[in-house]
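2 protein chains.
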Amino acid sequence: MAGTNDPSPFAYEGLDRTIHEKARLGVLTSLAANPKGLSFSDLKKLCGLTDGNLSRHIQVLQEAGLVSVTKTFDGARPLTTCRMTPEGRRRFIDYLAVLEQVVRDAAKAAEAGGTLREIKPTTA
Amino acid sequence: MAGTNDPSPFAYEGLDRTIHEKARLGVLTSLAANPKGLSFSDLKKLCGLTDGNLSRHIQVLQEAGLVSVTKTFDGARPLTTCRMTPEGRRRFIDYLAVLEQVVRDAAKAAEAGGTLREIKPTTA
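From first to last, the protein sequence lines are chains A and B. When we follow this note's numbering, the leftmost residue of the first sequence carries the number 1438, and every step to the right adds one. When we follow this note's numbering, the leftmost residue of the second sequence carries the number 1438, and every step to the right adds one.
Please note: incorrect hints may appear among the correct ones.
If several chains are the same, the list does not tell them apart, and a pair holds so long as it fits within one copy or across any two.
Said to hold, decoys possible - The list that follows gives simulated cross-link-like pairs (lysine-lysine, BS3-like), each with its CA atoms no further than 27 Å apart:
1. Lys1481 <-> Lys1459
2. Lys1459 <-> Lys1545
3. Lys1473 <-> Lys1545
4. Lys1481 <-> Lys1545
5. Lys1508 <-> Lys1481
If you are wondering where the hints come from, they were derived from the structure by calculation, not from laboratory data.
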């Protein structure tokens, strides 16, 4: 939550929808942990996605400049490797800071049950 | 991330899409902090949403049983109040536990930059 003067403390502008989508969040977390890149088939397993779903999400991430894809050969077998771009890593870290704020706000809200500290806009 | 034997540690099955969507996450966090409920217009301000957007998301949350809506009158003015249901609170807390895990995994991945501990499936 931003300063108490923020009229929309729960708008979470920084929660980039390209990153926030559940499957893409898994893909990006996997890639953040593996900067040398992961093969398409490793990613599929780590994130529990089908071929079609992973392809679609990788395309979205690639178009957004967050992920790069290289196609090589492992012997005769085509090998697709996905990597997080430097911009992707920057935006992922920015996103994470907002997500941490969401978790703090939500945990506080859930614990207090609102009885201790109700949060309402200051003007009617 | 679940145990190391989990072949899909980044699938995040528990990341309920009904709750995870950015605008709805803001709405639910606001309602969690205000168990007596919030008026439609307070929610709109707190979450920085338009009438149309808030209506649409409230409907999704209502259909999922997470939120209840009551319509009364404040003098002659109609007053719409939204509240989190007990089931909504339970599911929100379950969701939060998964979100906290995502933040821990992602922060670890982003910090290590993958050079310290690469996470790959154990089988080829």
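Each hint, compared with the structure:
With identical chains, the CA atoms of Lys1481 and Lys1459 are at most 27 Å apart both within one copy (14 Å) and between copies (25 Å). With identical chains, the CA atoms of Lys1459 and Lys1545 are at most 27 Å apart both within one copy (23 Å) and between copies (18 Å). In this homomeric assembly, Lys1473 and Lys1545 come within 27 Å of each other (Cα to Cα) only across copies, at 16 Å, whereas the closest approach inside a single copy is 38 Å. For the identical chains of this complex, Lys1481 and Lys1545 are inter-copy neighbours only, at 21 Å across copies versus 35 Å inside a copy, given an alpha-carbon limit of 27 Å.
Proximity of Lys1508 and Lys1481 under a CA criterion of 27 Å is satisfied intra-copy only: 16 Å inside one chain copy versus 47 Å between copies.
When each numbered hint is compared with the structure, no violation occurs for any of them.
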